[in-house]
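Novice: In case you want the letters, here they are:
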Amino acid sequence: DTEVTQTPKHLVMGMTNKKSLKCEQHMGHRAMYWYKQKAKKPPELMFVYSYEKLSINESVPSRFSPECPNSSLLNLHLHALQPEDSALYLCASSQGFDSYEQYFGPGTRLTVT
Amino acid sequence: AQKVTQAQTEISVVEKEDVTLDCVYETRDTTYYLFWYKQPPSGELVFLIRRNSFDEQNEISGRYSWNFQKSTSSFNFTITASQVVDSAVYFCALSEFRVDFGNEKLTFGTGTRLTIIP
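First to last, the sequence lines map onto chains W and F. Number 5 in this note's numbering belongs to position 5 of the first sequence; there are no gaps in the numbering. Number 64 in this note's numbering belongs to position 64 of the second sequence; there are no gaps in the numbering.
Source of the hints: derived by calculation from the structure; they are not laboratory data. Hints are supplied without guarantee of correctness; some may be wrong.
Simulated pairs of lysine-lysine, DSS-like, Cα-Cα distance not exceeding 25 Å [what the hints assert, rightly or not]: (1) W:K36 with F:K38; (2) W:K41 with F:K105; (3) F:K70 with F:K3; (4) F:K38 with W:K38; (5) W:K40 with W:K22; (6) W:K22 with F:K38; (7) W:K41 with F:K38; (8) F:K105 with W:K38; (9) W:K40 with F:K3; (10) W:K53 with F:K105; (11) W:K36 with F:K105; (12) W:K19 with F:K3; (13) W:K18 with W:K53.
Starting from the given sequences, assemble the full structure and let the hints guide the process.
Specialist: Encoded structure:
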């Protein structure tokens, strides 16, 4: 089973709202990732969690706040977003070492109004 | 700095034709990994293949084949007898070696949008 699930599939939020994106995997993977993808662009790495600890933050604005409650779950808390933050947000997981492939979820399509 | 170039922005072929997607990479690492991902209109990136820098054997999986040439820093992907379901954006990616355990960063190419015409 190589499934990564993400909820919700679509999200529309105002600039003053607070919302969260959720990601779950049950493959025993030890690394989990958040990516942002704008239309017709490749995914851009935002955060990496390794063994439930934040190991990479690609200078993401503080209005995006990641959380890894346990080894299977990854959240992305959103607050005071801007319209330019509208994008597809992808979660991925990997075994966590030796360049194992990353498995991606279906993404959450976020629209900020 | 690492770089992945997919010079073909968009390709259209008629169904059953063969098509090759090009990928050229740059890295200073001696140990690295190359990947291909498929992104259909639904949005999910689907892993297709991983190849390490020490393994230059070509690989075939059904209608898919990959040609890795270290001498030209290329990792090309060929679809034989294309089908409409192959229509998608294809990304080539290069992993960045990190000393710290468990941290992998992928450098993606800009992607090639492949359209298979029925």
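Novice: With reference to the structure, classify each hint as holding or not holding.
Specialist: These are the hints, each one checked on the structure:
no.	hint	in the structure
1	W:K36 with F:K38	holds (17 Å)
2	W:K41 with F:K105	holds (17 Å)
3	F:K70 with F:K3	holds (15 Å)
4	F:K38 with W:K38	holds (16 Å)
5	W:K40 with W:K22	holds (24 Å)
6	W:K22 with F:K38	holds (23 Å)
7	W:K41 with F:K38	holds (14 Å)
8	F:K105 with W:K38	holds (18 Å)
9	W:K40 with F:K3	holds (18 Å)
10	W:K53 with F:K105	holds (16 Å)
11	W:K36 with F:K105	holds (14 Å)
12	W:K19 with F:K3	violated (34 Å)
13	W:K18 with W:K53	holds (23 Å)
This entry does not satisfy hint 12, going by the numbered hints stated previously; all others are met.
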